[in-house]
Each structure stands twice: as C-alpha cells, then as structure tokens.
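A.B. asks: Now for the letters of each chain:
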Amino acid sequence: MSQYGLLIDYEYCTGCHSCEVSCKNEKKLAHGVYGIKLSEIGPFEITPGNWEWNYIPSPTKLCDLCADRIEKGEKPACVLHCLGLAMDYGPVEELAKKMAAKGKKMVMFVP
Amino acid sequence: MDKDWKIQQPDGTLTVRTCGWSPPGDHPVGCGMKLHIKDGRLVKVEGDPEHPISQGRLCVRCLTLPEYVHHPQRIIYPMKRVGKKGEDKWQRISWDEAMDIICDKIRYFTDNYGAESIVVFGGTGREACLYYYPLAFSSIGTPNCCYPLSGWSCYGPRCSITDYILGAGYPEIDFAGYYPDRYDNPNYKLPEYVVIWGKNPLMSNPDGFYGHSIIDMMKRGTKIICVDPRIHWLGTRAEHVLQLRPGSDTALALGLLNVIINEDLYDHDFVENWTYGFEELKERVQEYPPEKVAEITWVPKEQIIEVARIIGTAKPCPIQWGLAVDENPNGVQLGHAILALIAITGNLDVPGGITIGPPAALMGKWRMETRSQLPDELWAKRIGAEEWPALSTAMATTHPDETLDTLETGKPYKLRMGWFNSSNFISATCSAQPDRWYRALQSLEFNVVQDTFMTPTAMAFADIFLPLPTFAEHDGVVLTHFGRNAIFMGAMNKAFEVGECKSDIEVCIELGKRLHPEHWPWDTAEEFFDDQLKPEFGFDFNDLREKGVFQPSYEYKKYEKGLLRFDGEPGFNTVTGMVELCSTLFEAWGEDPLPYYKEPHYSPYSTPELFKEYPFILTTGARTFTSFHSEHRQVPSLREITPDPIVEINPEAAEKLGIKDGDWVYLENMFGKCKQKAKLTKTIDSKVVHASHGWWYPEKPAEEPSLFGVWESNINTLIPHKHIGKLGFGAPFKSLICKVYKAED
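Just so you know, the sequences run in chain order A and B.
Here our numbering is used: the first residue of the first sequence is 1, the next is one more, and so on.
Here our numbering is used: the first residue of the second sequence is 1, the next is one more, and so on.
Calculated directly from the structure, the hints in this document are not laboratory data.
Please read all numbers here as calculations on a predicted model, not as lab measurements.
Each hint can be trusted.
Taking lysine-lysine pairs in the DSSO-like style, the calculated list, with each CA pair at most 30 Å apart, reads: (1) B/Lys547 / B/Lys534; (2) A/Lys102 / B/Lys219; (3) B/Lys219 / B/Lys682; (4) B/Lys679 / A/Lys37; (5) B/Lys739 / B/Lys660; (6) B/Lys365 / B/Lys3; (7) B/Lys219 / A/Lys37; (8) B/Lys223 / B/Lys682; (9) A/Lys37 / B/Lys682; (10) A/Lys75 / B/Lys494; (11) A/Lys28 / B/Lys38; (12) A/Lys75 / B/Lys3; (13) A/Lys105 / B/Lys219; (14) A/Lys75 / B/Lys38; (15) B/Lys612 / B/Lys598; (16) B/Lys558 / B/Lys223.
Have a look at the derived ranges for each label pair, beta carbon to beta carbon: (17) B/Lys561 / A/Val33: 54 to 62 Å; (18) A/Ser58 / B/Lys722: 46 to 54 Å; (19) A/Val33 / B/Asp592: 53 to 61 Å; (20) A/Ser39 / B/Lys561: 46 to 54 Å; (21) A/Val33 / B/Asp435: 37 to 45 Å; (22) B/Lys561 / A/Lys37: 48 to 56 Å; (23) B/Asn185 / A/Phe44: 34 to 42 Å.
We put the CB at the ideal spot given by N, CA and C, even for glycine.
Input sequences plus hints: build the corresponding full structure.
C.D. replies: Here you go:
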C-alpha cells in the first residue's frame, strides 16, 4: 500500500488559518494544541519590488491525515477548507508528480 | 446540489445545509456549509463541497461558529434595563412585554413629536442592511434611517456614483459566479489582468464577492495589479503594486487616463457609441501628466506609464474598486475616474470584464420601495436630504454627518428615540469621532438595540435589548451585493434555536403588524420570502432551499440590446443615455462635471506646519481573516490568532522613535488618541502608518466609563467629523495625519 501525504502549494497559501481551525474542530483539540500549524516566512524584499512572503502549514504528530474522513469518502478537513485550494491529499507518488508538474513553491509532508 | 437540505444522521445528529450571511457578520457572501446539530447544540460546521462558489472552502469565522453561538456572554433573551444607562443591570422579559414597551414608546413619540423624532441606526454588511430601512419606513413609520459613517463612506458612494454615471447597480469583476460550470462556461473569458484598487478581497469578501476567486483566477493565468499604500500578501504575488500615498488615488487614476488617452490605447468604438463627454475628459486629463502625478502620488512615473499601457491593452482587464474610493473626500472623483478607465478601455459589461446589475433587485428593491409608504410631507423631513441632494437621491437614508449635528443642536427638530440595528458604532466602526457621537446620543430618551452580544453601544444606550439569532438559527435569503448585482442567491436555513431570538425580518413583521398592519400582509418570514421570489423567478422559498443556490446566468453587452434602460432603448440608464464621462448630474448639483484631484484636508502638502507635529500619514481599516469589523473579539479561537489591535510601522521610522516590534504605542492627532500594538514591517512606507479598526475588549469591565475598554484602541477618535466631499460623500478614514510614540503605561 502506498504512503499518503499532504501537498501544499505555498504560492497560493494565503495564511487564512482555515486548516488550523478545521483541524482543531475535527480532532477536538484544546487551545494551543495543533494538528497542523501555520508558519510565516517574510515579508522581506529581495530586490526592489521583488518580495518573499510565504505561509506554510505544517502537520504535527496529531495528524493522521483524517483517516476517519477518508474512510467516509471525504477529504481531510484542512484540504476541504483551505481557502486558496492550495492543499492536496493522496499517495506520495502522485503528489510528487504534481509537485514536479508545477515546478515551484510546493512542499509535501508525510506526517 | 442535493435536494435534501436537512438530514437526520443515524447517531441522532441533524445535518442542515445552509448558505451563510449574518450575524455574525460578513457581507452577503453566501458560502455553502453544513451545520451539525446534536442535543440542541451546534457541534460542528463544515464546508459544503457541492456549493458552486465556495466549493467546500470555509473561513475561520464560520468554522468557529459554535464558539460564537454558544458563547456564555451571548444575549439570547429580550432584556430590559433596570439600572441607569451605562450600568450592567438587566432583567429578562418576554417578547410580548418588550414589544408592548416599544410600541407604547413609538406611539408616544409619534403622537407628541412626530414620527421623525425616531431614528433607526444600521450597521455595515450584516443582513440587517436589507431590513433596517423597512424597519424605519414601514414598521415604525419614520423617514429617518441612518447609516452613521461620516460621508456615508462605505459602499453607498460607489453605488451612487455608478447610478449617476452608468445608471446601473454595482459593478463587479466577472468571476463566472453566474454560471454553475463557472470558469469553464463557454460565454466566459478569463481576465488577462485584474486591477485591485484599495482593497484586499481575500480578507474582506467585499459585498458578496468571494475573495479567493482571485486565487482561482490567478491559478488559471490571470495577472494582478494592486493599487495600495500597503504591500499586502496578494501584492507580493502581483505583477505591479502601485504603492501610492494614501488619499492621492484620484491623481493616479487621472494620470492613467492621461497615458491611455494620449497614447491612443482606448476602445474607439465604445467611446464613440456609448460615452458622453470624452473630449472634455481628454482635455481635463491633460492637467495630469505622469511626471506631475508621480510627484503627487509617490508612484514612479515609469510605473504609471507601464501600468496604464497594460490597462489599455490587456483584454479583458477589469478594475475592482475598494473601500478606499468611499473613505476619501475626493472619492466621488476617484470613482468617476475609475469607471471612465473601465469604460473607455472596453471592459464594461463584457465577458471577464466588469459586470453590472440592475440598480436593485428582490429584497434590495423592496427595502427602497418601502419609503413610498411614508406620506410626502413626512419624507421631506428626512435629515439632510434637502441640503445633500446627490446623497439623498440615490440613498434612502439621512445624511450621516447632518444626523450628528441634529443630535447635538436639536435642529431642525429634536431626536428622541433611537433604534440600533446591528450597529456598534461607538466602537471604531461606522462613525467618525465616535466619542462625539457617544456624547450626542445621550440626548435620546429611549433606545432599542438589536444584536447578539452586549456591545459597548448596547451597554451605553439600550433600554430594551432584542436578541438576534445567528444565520444558523433563522431562515433567510442571501443575495450578493444586497441585490445590486445578485451574482447568485442562496437559502439560509434555520437549523436549531438558542434561547428566544428573532431575526430582522421577524421583528419587522411583528412590529409592523402592531403599528402599520396595512404594510405587513405576511405572517411568517417564509411567506415574505415566497412573495419576494415567486414573481421574479417562479419559485418559492422552499424551492430555493432544495436548490441550495440559484445562479441566474448573465447577459453581456446589455447596452446594445436595450436591456439597461426602462424605455427598452439601447444605451445606459443615465440622463444622456450614455456612460457619462462628463456628468450632467454632478454639474446640476454644483460640482465639477469632470473628475479632478484634490489634496487631502491634512497632508504633508496641504498642512505642512501641522505635519511637522504629526509626521505620519495615517491610514486605517484593513481587514483580517479573524473578525468582521467589531465582531468576533470574544471568540477564543479567533482571538488566539489575532489577540491585539495592530498598527503597522516601517522599521526605520520605528527605530528613530525607539519603538520595537510588539511595543504598545499611542497614535495621536488634533482630534484624538488611541493605543495599539506596533508591528514593524517594510511593506509600508516610512512616512505612513496603518492602524486597525473595530477594537473593543469583551473581557474588560462592561459598565461606564470602561464600556468594555471601547475608548482604549479606538482609531476612529482620530478621524474628524464632516470633512467630506462637495456632494456629501467620503470622509478621510484612510488619509489623516498623526504622531506615534511609545506607551509607557
């Protein structure tokens, strides 16, 4: 059986926190405890007008890729609610192909 | 979408599909979601993947709805004040008792002082926007319905300008929302560029536009140009950010027009056949060459020229205008210039360009029509209507600044009773100088407040508090842009009840049946919605529930087909039948018929001496994901993400003042002072600061003088009263001056 992972397109992660909050709802997590947590890199200016500012959500060991939801034929909570539609779920081989096809600002997590 | 909108799960959970609106607030965005109810409690909210616009996506304000709905501080029964005003002493009463008290008061003030002695205040964006007008005109019978924001500086100016220049409803960029197959619809064309002007749609979902549609379009190839004094996240993904000096927007728009016209990049066919006053506009923009505009706006000349060439040649290239158009005393001219840019570049009413709706539809139309239920002599008493015809022709409200003057002076008559519907405007939301409003409002003898929580405004003024249900607890219809461009319509379904709450329309009906039964033939909200929907679409409210969402489709180039004018002739529904690049109405009202630039009241150039004392340009009001204006401050999961009011300062400027990231600082000017937390960022110019609005502290003492700490971080105390444009629109919420210093307390 394939290993599954989470693919993040951080060109389009807008920092909305929906992954964090929907995960808390799904896993009934206490305040300050996260199944996935957003981090922020930047903003800083590399050359005039050329900015770097990325949000990247990282899953923690509380993430089981929403096994219960997958069993019901649903997407993981973070993938469903992501406002930028910047998250994907699937076998790592498939996700790796998507990463390569896009070619920039992609990261895959295998929690 | 599935016909079953209400499903009983085997484990006893009830799942109800709905489209969100408010409360808690947002604009009529209508995102699709599933509400899970167990043992009478909302246990979880999930996005609905079947919804054609939101497609399962959901922001944190809806995801945390259970915390809001079941919050221990929420008010869920009608309350009567039993202490003095400003004391936190209340008694629970029945709806019957509340209505008896209210109706007695309304009859008393109407019989003794005239119905005009009663004023209804409304807030921003919530569903109440559709109902506070009929509440005033039709249920109570007063002509005075007030949106208290100085210069009506939110949406109203843009709607009025559009009405006068295009004769149409709200102009929105085409994001294929009208079609079930969205961007794949064969009639649709993806914009080559979208210009986002003074707006951050990802966070604000303005007026019902689904903000992240911008991301959908970018993924398909659309490029972005931002016009903003701040480089926000979207700006870092844009081809260009025109980082202008706050308040100089109109000069920039005229400079762009200058290049497009002088370089002959405009759409000759459209200009010749469908516009009025092009030669006059051409002559006017000669006063705004790029080098002069660069000096005014701080945007480099080369960038102005490059972006103008893109706007002139990219097809399509819609411009999405933001609140920065409204919150500017020179904003009528800015809006006019932006509409001219859209029109002469051939981006109006074309696929992927700017769509235009009718001036009003459904409840949006009904709310305006209820004013005809008032006798002419009473309607003529509407505050500020005669003095400000450009405002009172398009808007059915009072003039906001004149309303404050009336409260203070008792002229032309004394206001005696207030009704605050979904408006917490002594916090930094829809008022300038809220401290002055606070003092003036003390003169009202009796007040009703409709809301979900005891807000600072309610604590200060309510005699009767009427609890509103959240959108999960009542039936309704959500339509984008309040009906001024209904891209889609969704059913809001009551899933359960908390306490004894009544929705806006339910209160309108109940009060109306007691005071003016002739205007209120409906017994229930559902009957009302049936009557709204059936004549126009042939289906009723229950049919809409089963559809979930209704997308009406869209007809492009309506001006060629005689679909915009009431007489059925081709053209636009304006005085000249054309897009008025030169406005006949502005001229009739004593204003320049052409757009022009006017320096802000207070700026490094208009008040150089004052600027030495207050050396920052102050801009305010950017949105966050975690709140809607003054709402959501008491929701723990959201407060965890956004704990404090943030003022953005450039690190170089901060260093000179000894301010470090995370320091509390005071912002102060000639009008007021407040305290916010410094965030140092290079995304803002060293001469500009940006401060947050809408802050109060539900965790602080409720009673006077604290009122939940409403005065501590209240940025609107720095915004002056009645510094508005010649036609009565636009206040300088985004272009003031201030000083900043570290708070030692």
